[in-house]
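Q: What follows is each chain in one-letter form.
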Amino acid sequence: MTLLEVAGVSKVFPGVRALDDVSFALRPGEVHALVGENGAGKSTLIKVLTGVYRPDAGELRYQGEPVSFATPMDAQRAGISTIYQEVNLIPLMSVAQNLFLGREPRTTLGLVDRARMDREARDILAGYGVTTDVRARLGSLPLGAQQMVALARAVMIDAKVVVMDEPTSSLEPREVETLFGVIQDLHERGIGIIYVSHRMDELYRICDTVTILRDGKLVHTGRLADLERVRLVALMLGREVSDVRREGFTVFSGDHAAADDTPILRVSGLSSRNRLHDISFGVRPGEVVGLGGLLGAGRSETIKAIAGAYPVDSGEIEVDGTPLRHPTTVKAVAAGIAVQPEDRKAEGIIPGLSIRENIALSILPRMSTFGLVSDAKIDEIVDRFMKRLRIKASSPHQRVGDLSGGNQQKVLLARLLATGPKVLLLDEPTRGIDVGAKAEVQALIDELAAEGLGVVLVSSDAEELVEGSGRVVVLRDGAVVGVLTGEDVTTESLLATIAEAGA
Amino acid sequence: MTVLAVAQRRAGTAFQRQGALAVLAVVVLIAFGAFPNFRSLDNAATILVAAVPPMLIALGMTFVIITGGIDLSVGSLYVLGGVLAAWASQYGLLAAIAVPLAVCGAIGLLNGVLIAYTGMAPFIVTLAALLGARGLMRAVSDEGSTTYIVQNDAFHALGTGSLLGIGNQVWLVAIIVLLGMVVLSRTRFGNAVYAVGGSEDAAALMGVAVRRTRIGVYVLSGLLAGLAGTINAAKLGSGVTVLGAGMELDAIAAVVIGGTLLTGGAGTIAGTVAGVLLLGVIQNLINQVGDLNSNWQQVISGAFLALVVVAQTYLVRLRRT
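Just so you know, the sequences run in chain order A and B. Every number in the working numbering is 2 more than the matching position in the first sequence, counting from 1. Every number in the working numbering is 2 more than the matching position in the second sequence, counting from 1.
If you are wondering where the hints come from, they were derived from the structure by calculation, not from laboratory data. It is possible that part of the hints are untrue.
Just some of the chain B residues that point at chain A, by a computed CB distance under 8 Å [unchecked claim]:
no.: 1; residue: V184
no.: 2; residue: N193
no.: 3; residue: Y196
no.: 4; residue: G200
no.: 5; residue: A204
no.: 6; residue: L207
no.: 7; residue: V210
no.: 8; residue: G267
no.: 9; residue: A268
Using N, Cα and C, we set each Cβ at its ideal position, and we do this for glycine too.
Make a model of the complete structure from these sequences and hints.
A: As structure tokens, this is what we get:
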């Protein structure tokens, strides 16, 4: 018997066929991976299953009965819970209040029974490895613990189906283990789980079944263990297995720097409070220098310090031979440094504005004549970058917030490039975007370096770092502990250097 | 997180919650020493009685602001409520109370429905209601030239009587404030109010009836403003048409001084009570200093407000790090 299924579902948006005759079935106790590139239709399918969208064609069946959910609340009441990628709780309210909101236990007088609510919240959360003061504001908890509260809440509502959209993206390794334990438990209780993630290791570890979507169509569904990893990627991307084998999972092509060039960016003796200690390295035009290391090693701080967004106590930064004294963000930009921050949502793009406006933001200051800017000039530049970076959108006037993660990242890159930088600082440029878009962004980074930009790349993905960089500077606790060059730039030596430094 | 940071954060939260109360205590202590006239039961009663209308209005405003909204119509509703109560008193005690409450509650309902269903900004909707209610009051009172005298002795007696030496209206407000505290902190509706202000989208996904909650707070705010006007009419024995301009801003100031975040999601009624009393005491003290123009009260209230907002901004930043 299937728990939740759709048969022949289609959903059309203006100009896009988001789902085309897709069928999907979830059995009780099954952990079902839903994979595909961004824009493949995963989110649309989830939204159809959870009552956010109603399908244009096809049928939704829940526990054998045809159903139609008017709102997400209806689906939730029926037992279909969703945990979104970004935690959807109320940070200013207490942990217990968040857990019980709308279902608070009440005393005989009809008032909220706080003592009981706190006690029960403590018991429930202990089962998720969260031992915290349940009266504390939710916002004061680490992101991982917040995610656990969201999960606990979702499961509490007598859920029969739990949809998890990239649940591990904000979790620490230890928390991921707890999450997997909870999933195992749900699996044993016969709850069906739809699991969306880009992390192959996780999928193969916990999922029984997989459904692969591409361009709104179903391309494969079946037991995950029977599907080779490389074949999964090939199906997702619509490429041949042999291509994937040959090209690897990333598409960087190698080094473009001439060894005798003078560095376009030179950092020496950079120190900041107790976070950065005497960091020195150089980047030649056409070179991609990776910053390696574990979380908290000082990679993002180094990038921010160069960009003038992190306090520096001592050290020198030189761009194209010109020293950058007392760097501020304005001075850094003027000197030709463009930085792509780690959190593109919070620090990068402005989702409510259009692609055109987002790109134009950065060029306005240098393009205006007596404070006036020619529209035609902006159109020309926007058009050029949209073509060059292959930004997929219905028009330059589309809201950036409506684009896929990969295209948002490209808009951000376009904005940086429009300033005509000499040095590009990229902090996790492919985080949270799917395999296909990842390859495109990587190819772009490669092209940009080939055109003579100096690039500093931070990535937690060791493979991406190694394949993308000509040289890797390894950091630990805010200090340089090794530099990998030439033949040494391999995942093994990177991990060895990080590990050695730790010993 | 270090012990120091935790302590700092706790202190910060405590200040946000109880800051107005602490400042109130300090000001009262100083006043006790410096102004002999301040130290009398009579004076304390004066302060409390004067604080009745602002307390009711600020109470409703606290609910509204916690949902992340604002209600600018309350000053007008206060005046309208007073005029209507005085006018309706000719039809008996019940009418004198029911008519203003019904009309002000209905205007609050209109505010809430427009805000909840059309997505219009609360600022604009309640600004329109401010103008509309003022127009209605002028229409009822012939451009403000007719002052209705309270015709019903029982109604007037309610406003002027006292129990155990404390005016009836002070008792009534005390009960309403206590009820408000229970509603806000111990009911599902109260939790929904915090949830809507904390994150509307998350609240909706968590099954909170966002629209109903929004409508509820504006109805409450309208009712309390109308009640404040009614009580005032009962006390004065007439519907005064010229009071109440700017009352909405005083109420907002008291709520914010009391530690409620203007961005919504956090705040307490205890804080609002302290905020209202603090503004009342400052007014009272300035009246005691004979040669100080009472306009200085507004300057000092303004300065307090600015200080509190600066402190709040700082605390929010402290909590994020």
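Q: Does each hint hold? Answer for all of them.
A: Hint check results:
Proximity of B/V184 to chain A holds as hinted, the smallest CB-CB distance being about 7 Å (cut-off 8 Å). With a cut of 8 Å, the hint placing B/N193 at the interface with chain A holds, because the nearest CB-to-CB distance is about 6 Å. A least Cβ separation of about 6 Å between B/Y196 and chain A falls short of the 8 Å threshold, and the interface hint therefore holds. With 8 Å as the threshold, the beta carbon of B/G200 comes within range of chain A, its nearest partner Cβ sitting at about 4 Å, so the hint holds.
For B/A204, the interface hint holds, the least distance from its beta-carbon to any beta-carbon of chain A being 4 Å, beneath 8 Å. Because the beta carbon of B/L207 sits about 5 Å from the nearest beta carbon in chain A, less than 8 Å, this interface hint is met. Given hint, B/V210 at the interface with chain A, holds; its Cβ is 6 Å from that chain's nearest Cβ, closer than 8 Å. A least Cβ separation of about 4 Å between B/G267 and chain A falls short of the 8 Å threshold, and the interface hint therefore holds.
Below 8 Å, beta-carbon pairs count as interface contacts, and B/A268 has one with chain A at about 5 Å; its hint therefore holds.
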